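The whole structure should be built from the sequences, with the hints applied where relevant.
Those protein sequences? They're chains A and B, same order as listed. Residues are numbered in my numbering as their position in the first sequence, beginning at 1, plus a constant of 46. Residues are numbered in my numbering as their position in the second sequence, beginning at 1, plus a constant of 88.
Take these hints with a grain of salt, some might be off.
[To be verified] Pairs of lysine to any residue residues, derived as SDA-like cross-links and limited to a Cα-Cα distance of at most 25 Å, are as follows:
#	chain 1	residue 1	chain 2	residue 2
1	A	LYS98	B	HIS295
2	A	LYS77	A	LEU61
3	A	LYS98	A	VAL128
4	A	LYS98	A	SER110
5	A	LYS98	B	PRO157
6	A	LYS98	A	THR125
7	A	LYS98	B	THR279
8	A	LYS98	A	ILE63
9	B	LYS529	A	GLY164
10	B	LYS529	A	ALA165
11	A	LYS77	B	MET258
12	A	LYS98	B	TRP158
13	A	LYS77	A	SER150
[Unchecked claim] Just so you have them, the derived chain B footprint on chain A, three or more residues with Cβ under 8 Å:
#	segment
14	125-133
15	161-168
Hints are computed from structural coordinates only; laboratory data are not their basis. Keep in mind the model is a prediction, meaning the values are calculated, not measured. C-beta: ideal position from N, C-alpha, C; glycine also.
Each chain, written out:
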Amino acid sequence: MSIVSHFSYAVTIFLMIAGLFIVIARGNLIKKLVGLGIFQTSVYLLYIAPGKLIGGTAPIMSDSFTVYSNPLPHVLILTAIVVGVATLALGLALVVRIREAYGSIEEDEILDADLSDGAADRQ
Amino acid sequence: MSIAAHLPALQVVVPLLAAPLSVLLRDRRAAFAVVLVAAWTAFAIAIALWLQVSASGTISYHIGSWTPPWGIEYRVDRLTSFVLCLVSGVAAVVLPYSWASIERELPRDQHYLFFTMFSLCLAGLLGITITGDAFNIFVFLEISSLSTYVLIALGRDRRALVAAYQYLIMGTIGATFIVIGIGLLYLQTGTLNLVDMGQRLQSISGHRGVLAALAFLTVGLSLKLALFPLHQWLPNAYAYAPSAVSAFLAATATKVAVYALLRFYFSVFGATAVFRQLPMAELMLVLALAGMFVASTVACFQSDLKRLFAYSSVAQIGYIVLGLSFDSVTGLTATIVHLANHAVTKGGIFLLLGAVAASMGGVTLARTQGMGRVMPLSSFGIVLCGLSLIGVPGTAGFISKWYLILAALEQGQWWLVFMIVLSSLLAVVYVWRFVESAYFKAPRADLADVRDAPATLLAPAMLLVAATLYFGLDTSLTVGAAAEAAAELLGATR
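Spelled out as structure tokens, the structure:
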């Protein structure tokens, strides 16, 4: 138990908080998606890092190996990466459509346009 | 091996396969036929599973014959089969409606994509419900969420795009919180099977990692089920999505998230760890009450009927979570019954609002005034469902509130009974706003000669309205199943 053994957790948590902060603090729709990407990526690290044992190998049935790393997190995270890619692609596609419809990708300008749409609805 | 043994897998696989098939067909009629058959088959399978579970107890299905906890397990118990029937049943009703509804709302060349997304969303929701594997829940959650974002973005209004984007951001944060929670649980227990996880957690409960996992899962799932104050994505998403999508989401998506929360709370963490070490019951109670009052109050000030009833959904989620916070069989019965009752009620309302939008061109209060005269069937249906939202005896909503009040009385919390009744009065206010505008005002001059929507739109909606009344009179189906599911859920942990 030392700082070195917890290094990966420190990186994970830093990325997690940084990503979430960007999503909340930035008004630009693309930057929000960048933040979301960082936030999701931090989770990959959270899963994979604990699966690695120093000196461990892939789980191969052989007498010469006794220490194995856990392969399951890699499999899970492969799935999570696919999900992350799909989310990012869909998010970017939506931003393109929003840019076409509103002429802007800044959140405050879009919300202003929404407010005037709402006022038009009520009449 | 007969086909009956593989029903749990088919439950998810049939709608999942219908999705790529309808993309390949690229024809709206063929796509509709394929997805409709898939949805009705899914409903039939759900009923068959319900019968199997009632006859012989919990079904455990091993995907690819890999035995759990190593392989992925599909696990069907009473609660699962209840939610499966609910989700696939609503899909089976909404889908025929959507054929006539999207005709008016979407360009024809997008129809087959709509059916594809609908089918994927259904597969995802059924998958979350049936799977017994924690990571599988996340995967199915993302399948249903991603297709939901697309479905919402199909709305005609440009605000649908922003609503879909906001839901994508909030939904992905929620899903990531869930996957962090699952990851922490995996680090603690070394297993992803929910039942196995629950057993292993009993010996290490109280560990800080487990509590962190509980916190992450609670926040993530609360985002998905739109628990106040994490409901910000919901009103716009429901208001600007195509009508059929609003109805399907309002009836199923948040309900499945509630199911996942119940699953994690009661099957994995066990009532002891969750409700005794952290003040989860108190937290849920406060948030539920806040949701009931704040969202109902906001609903009273909306000028758009879809938004009004979307806020009402947030308030109704409050009742559902309130039942769960009692941590008693009666409270959970109320939660599970209200899952179904609110699903048919709100599904009916949103289907009718879609019919109104088709005839009148919009659902703002200003536009729909006097609709009681020109669209008598639709407005009467909305009023009946509105009575169910209030909780008038004879409607489904009354049954849910009755069990909530029973659960409160069981624990001697008189003030809660008072609060439940008080928040129902707020529902009277917002339903009355609709009644006043629909029946006591003259229709707008340019809309004075519209007629009720065609039967293709009204028939599925009326089916749900009839179900709202039926479940208010004959409760043996809903309450009977819910009470058994609640007892099983609590019994598994004690």
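Results of checking the hints against the structure:
no.	hint	result
1	A/LYS98 <-> B/HIS295	22 Å, holds
2	A/LYS77 <-> A/LEU61	15 Å, holds
3	A/LYS98 <-> A/VAL128	22 Å, holds
4	A/LYS98 <-> A/SER110	19 Å, holds
5	A/LYS98 <-> B/PRO157	21 Å, holds
6	A/LYS98 <-> A/THR125	18 Å, holds
7	A/LYS98 <-> B/THR279	16 Å, holds
8	A/LYS98 <-> A/ILE63	23 Å, holds
9	B/LYS529 <-> A/GLY164	23 Å, holds
10	B/LYS529 <-> A/ALA165	22 Å, holds
11	A/LYS77 <-> B/MET258	15 Å, holds
12	A/LYS98 <-> B/TRP158	19 Å, holds
13	A/LYS77 <-> A/SER150	13 Å, holds
14	125-133	holds (count 5)
15	161-168	holds (count 3)
Violated hints: none; the structure is consistent with every hint.
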